[in-house]
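**Q** Chain residues, written in single-letter form:
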Amino acid sequence: MERNQYLEMFIDESTEHLQAVNDNLMKLEQNPGDTAIVDEVFRSAHTLKGMAATMGYEDLASLTHQMENVLDGIRNDKIEADSGVMDVVFASVDDLEAMVTDIASGGEGRRDVSAIVNRLEHVEKGTAPAEEKTSGAIIPESRALTYDDFERTVIQQAGEQDFNAYSVKISLSPDVILKAARVYMVFEVLEQAGEVVKSVPSVEELEDEQFELDFTIVLITKETQEDIQQRILKVSEVKTAEVKTVQIDEKPEEMKEEKNQFEEEAALPAEQGVRSPEPVSEASQKPVEKSTESSAAPQSKTIRVNIDRLDSLMNLFEELVIDRGRLEQISKELESSELTDTVEHMSRISGDLQSIILTMRMVPVEQVFNRFPRMVRSLSKELEKKVSLDIIGAETELDRTVIDEIGDPLVHLLRNSIDHGIEIPEKRRNAGKPETGHITLKAYHSGNHVFIEVSDDGGGINRDKVLQKALKSGVVSPENAAQLSDRQVYELLFSSGLSTADEISDISGRGVGLDVVKNKIESLGGTVSVDSSAGEGTHFLIQLPLTLSIISVMLVEVQDEVYAVPLSSIIETAIIKKDDIMAAHNQKVIDFRGSVVPLIDLTSFFDVPVTREENDYYSVVIVRKGEKMAALVVNSFIGQQEIVLKSLGDYLQNIFAISGATILGNGKVALILDCNALIK
Amino acid sequence: MEQTETAVDNLKVIVFQLKDEEYGVEVNQVKSIERVEHITRVPRTPEFVEGVINLRGVVTPIIDLRSRFQIENADHSEATRVIIVTVDGMDVGLIVDAANDVIDIASSAVEPPPEVVGGVEAAYIRGVAKLEKRLLILLNLDKVLNPEEVAEVKEMESGSSK
Chain A
1 MERNQYLEMF
11 IDESTEHLQA
21 VNDNLMKLEQ
31 NPGDTAIVDE
41 VFRSAHTLKG
51 MAATMGYEDL
61 ASLTHQMENV
71 LDGIRNDKIE
81 ADSGVMDVVF
91 ASVDDLEAMV
101 TDIASGGEGR
111 RDVSAIVNRL
121 EHVEKGTAPA
131 EEKTSGAIIP
141 ESRALTYDDF
151 ERTVIQQAGE
161 QDFNAYSVKI
171 SLSPDVILKA
181 ARVYMVFEVL
191 EQAGEVVKSV
201 PSVEELEDEQ
211 FELDFTIVLI
221 TKETQEDIQQ
231 RILKVSEVKT
241 AEVKTVQIDE
251 KPEEMKEEKN
261 QFEEEAALPA
271 EQGVRSPEPV
281 SEASQKPVEK
291 STESSAAPQS
301 KTIRVNIDRL
311 DSLMNLFEEL
321 VIDRGRLEQI
331 SKELESSELT
341 DTVEHMSRIS
351 GDLQSIILTM
361 RMVPVEQVFN
371 RFPRMVRSLS
381 KELEKKVSLD
391 IIGAETELDR
401 TVIDEIGDPL
411 VHLLRNSIDH
421 GIEIPEKRRN
431 AGKPETGHIT
441 LKAYHSGNHV
451 FIEVSDDGGG
461 INRDKVLQKA
471 LKSGVVSPEN
481 AAQLSDRQVY
491 ELLFSSGLST
501 ADEISDISGR
511 GVGLDVVKNK
521 IESLGGTVSV
531 DSSAGEGTHF
541 LIQLPLTLSI
551 ISVMLVEVQD
561 EVYAVPLSSI
571 IETAIIKKDD
581 IMAAHNQKVI
591 DFRGSVVPLI
601 DLTSFFDVPV
611 TREENDYYSV
621 VIVRKGEKMA
631 ALVVNSFIGQ
641 QEIVLKSLGD
651 YLQNIFAISG
661 ATILGNGKVA
671 LILDCNALIK
Chain B
681 MEQTETAVDN
691 LKVIVFQLKD
701 EEYGVEVNQV
711 KSIERVEHIT
721 RVPRTPEFVE
731 GVINLRGVVT
741 PIIDLRSRFQ
751 IENADHSEAT
761 RVIIVTVDGM
771 DVGLIVDAAN
781 DVIDIASSAV
791 EPPPEVVGGV
801 EAAYIRGVAK
811 LEKRLLILLN
821 LDKVLNPEEV
831 AEVKEMESGS
841 SK
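Chains as they are written, first to last, in this note's numbering: chain A, 1 to 680; chain B, 681 to 842.
Hints were generated in silico from the structure; no laboratory data involved.
Predicted, not measured: the structure shown is a model, and the values here were computed from it.
One or more of the hints may lead you astray.
Claimed, not checked - Ranges of calculated distance between the beta carbons of each label pair, as one might list FRET restraints: (1) A:I330 with B:S747: 30 to 40 angstroms; (2) B:K823 with A:S105: 31 to 41 angstroms; (3) B:N753 with A:F637: 28 to 38 angstroms; (4) B:H756 with A:L541: 44 to 54 angstroms; (5) B:D781 with A:T302: 49 to 59 angstroms; (6) B:D822 with A:E536: 53 to 63 angstroms; (7) A:F637 with B:S747: 26 to 36 angstroms.
Beta carbons are placed, not taken as given, at the ideal position from N, Cα and C, and that holds for glycine.
Turn these sequences into a full structure, and let the hints guide you.
**A** Printed below as a string of structure tokens:
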């Protein structure tokens with residue numbers, strides 16, 4: 001099938017457009033009556049409709065079409081964008097999303113949309129006149145030509161300087177394939193002949209093929225009507241071209257009031273026209289330039305790259321990092337200064353290369369965050385709670401692999417906050433809090449990590465309730481229960497089989513959730529913690545590594561085996577005297593800068609065959625997990641290195657205290673310590 | 681004509697040795713046969729998990745089949761090989777005493793596993809092939825490499841050490 005080649009692009013773009021529709025609908029709900037937002041939505045929806053129709057997804061196209069009609073009504077103040085109308089529109093966006101998802105997963109994008117189409121029609125007819133939906137054309141096809149002040153001046157001045165102002169109505173033949181290309185050719189022809197003052201629809205719409213077959217261009221030129229007509233008709237697939245002289249005075253003044261954004265946009269080239277009424281050579285560039293300038297968000301130049309390619313680039317680079325390590329080792333052994341210099345230079349370059357590749361894979365967390373406002377909105381409606389969501393730091397960037405995985409855990413946490421955290425309005429009022437609950441989703445960088453916080457101003461975690469549940473499900477024993485600190489009790493929420501909701505609801509409280517969140521985050525090499533104060537709210541903190549594939553480690557020797565300790569968990573290294581080791585409760589400890597730190601001898605911990613003689617000095621690596629520390633006894637430090645994180649494979653899962661492996665410069669495999677598991 | 685017919689019914693297996701018995705795994709489950717190189721021990725794993733190796737950039741776990749089948753240990757020799765097999769997309773290397781043959785066996789020559797064969801638990805065996813004077817034990821790799829079983833063994837070990 002030919003369309004397969006475009007399918008990926010279609011899915012990508014329609015997802016983007018749907019997201020844009022979603023975002024803007026949310027904005028619209030906040031600022032009803034802002035027609036600029038409606039226009040944005042309309043544009044996205046229209047493009048979506050066009051794409052869907054081209055790709056042959058009729059249900060998608062017909063639903064979008066019906067949605068457009070309603071939007072058009074809102075735009076023209078025929079329909080009021082109240083909550084009811086918005087609900088229907090949102091519901092139809094949900095359906096659209098479902099269809100696109102279906103297409104993405106290989107389906108045909110079919111879906112029974114008659115119900116929602118009905119609702120939309122109902123909304124539309126509620127106040128809109130029936131003629132609104134007579135034709136499929138949403139862009140008014142023959143808009144009367146109106147001119148704003150600029151255009152008038154230009155046309156008048158043109159007349160004074162012996163230029164002719166023509167309005168040219170061009171019809172493309174019905175079987176035209178590349179409308180935008182034809183438009184471009186027409187523009188090029190006209191701009192060779194003179195200056196295009198305006199076009200209806202606007203240049204941007206024309207380029208987006210948002211018109212049927214006709215469009216009108218106002219041109220200032222010295223050439224005659226026939227010449228212009230002949231030139232245009234030379235462009236293939238142009239059916240007719242009517243050239244008329246523009247009589248500016250005939251236009252009634254009141255028409256100006258009707259000017260909408262299309263004319264406003266069209267005013268841009270007119271402005272340029274004032275400055276240089278003569279035909280200029282770069283004129284042909286203008287429509288292109290303008291369309292990028294006037295699009296809603298400023299866009300930098302980008303290309304779409306398949307993530308697979310980035311992955312293979314990353315894999316190749318990983319190989320390079322391994323070879324780099326090998327070269328560094330060889331150059332150290334050979335002690336040739338020339339070689340060392342070259343290797344150092346290569347290391348620097350590959351370091352830069354690494355950061356570029358890593359940033360290439362970074363995407364703003366916005367991609368995940370931007371679906372949350374919708375979710376929060378519908379959830380809070382469902383639960384009859386009032387919730388507002390604040391998103392801070394959506395521009396924070398994270399590795400693509402992390403982004404892909406982080407969505408579900410965040411959904412869980414947000415749902416949790418809305419369902420369990422935020423109280424019902426009545427209860428909030430009684431507690432002297434504003435009725436609307438507040439959830440803050442915040443992302444920021446700090447060191448080599450990205451932090452994501454989910455906090456609510458709800459009721460907080462009920463310690464007793466959690467404890468009761470934990471006792472009931474056997475997560476803690478009664479003896480331990482009393483000794484647990486508040487924080488430790490809250491951490492119990494992350495153990496499996498614990499949900500504090502008394503009633504099982506759809507939203508959360510199925511006993512799965514927070515433990516899943518924890519597992520997911522930990523599998524990404526991150527941590528999640530929770531803090532809460534009764535009556536004031538709950539605060540979840542997720543810490544994630546910036547990247548998953550290359551990390552800095554300290555290589556250490558334990559007898560003859562080499563282990564890698566992630567630098568992120570190392571506080572410092574030290575050499576201690578055997579005499580400094582103390583014992584507390586059968587556990588060897590040392591005094592490290594005033595705090596008592598337990599000593600873990602990796603040789604015995606990992607049952608490493610002893611090959612070296614013990615001496616009076618111990619090399620220790622002080623590692624931490626949160627605020628807790630431990631001192632790992634090793635035999636020697638090898639040094640710091642960037643390594644490529646590799647998994648041990650499916651066969652060896654969940655090896656205690658080992659988070660993965662890496663390949664060293666000498667081709668051997670070294671295991672990476674999981675300090676989080678070492679410290680309890 | 682005859683050949684195509686037999687090809688359908690035939691099993692192509694790689695033959696390897698453990699102690700004095702011959703075993704077979706199907707060719708399409710075998711990725712490669714390697715010499716034993718440096719194996720990095722992975723602590724706190726079942727005894728039969730020998731460790732991991734760097735197999736052309738991929739960290740690949742290695743298990744010692746002798747120890748897996750509770751046959752007494754033997755030192756690695758020149759003939760010792762690692763057979764890299766793929767089961768469910770999972771690559772695992774098996775240390776065997778020698779691997780030196782690829783043979784075709786007719787499906788009809790394969791018999792269901794007897795209750796007990798040479799100390800190896802029958803669950804690991806898919807069948808036994810009789811070839812003239814040789815007896816070939818066909819392994820059921822899914823069972824041999826069942827990760828759940830690895831986990832169970834691990835639990836047992838950690839449980840007993842407590």
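**Q** State, for the Cβ atoms of F637 of chain A and S747 of chain B, whether the hinted interval 26 to 36 angstroms holds or is violated.
**A** holds (34 angstroms)
**Q** Just tell me: holds or violated, for the beta carbon distance of D822 of chain B and E536 of chain A against 53 to 63 angstroms?
**A** holds (54 angstroms)
**Q** Cβ-Cβ distance between K823 of chain B and S105 of chain A: within 31 to 41 angstroms?
**A** holds (34 angstroms)
**Q** Confirm or reject the claim that N753 of chain B and F637 of chain A have a C-beta distance inside 28 to 38 angstroms.
**A** Roughly 34 angstroms apart at Cβ, these two residues keep to the hinted range, so it holds.
**Q** Holds or violated: 44 to 54 angstroms for the Cβ distance of H756 of chain B and L541 of chain A?
**A** Once the Cβ atoms are compared, 50 angstroms apart, the range 44 to 54 angstroms for L541 of chain A and H756 of chain B holds.
**Q** Given the hint of 49 to 59 angstroms, is the C-beta distance from D781 of chain B to T302 of chain A inside that range or not?
**A** Since D781 of chain B and T302 of chain A have Cβ atoms about 57 angstroms apart, the given range 49 to 59 angstroms holds.
**Q** Could you say whether the range 30 to 40 angstroms given as a hint is met by the Cβ separation of I330 of chain A and S747 of chain B?
**A** holds (36 angstroms)
Every hint, counting from the list given before, is met by this structure.
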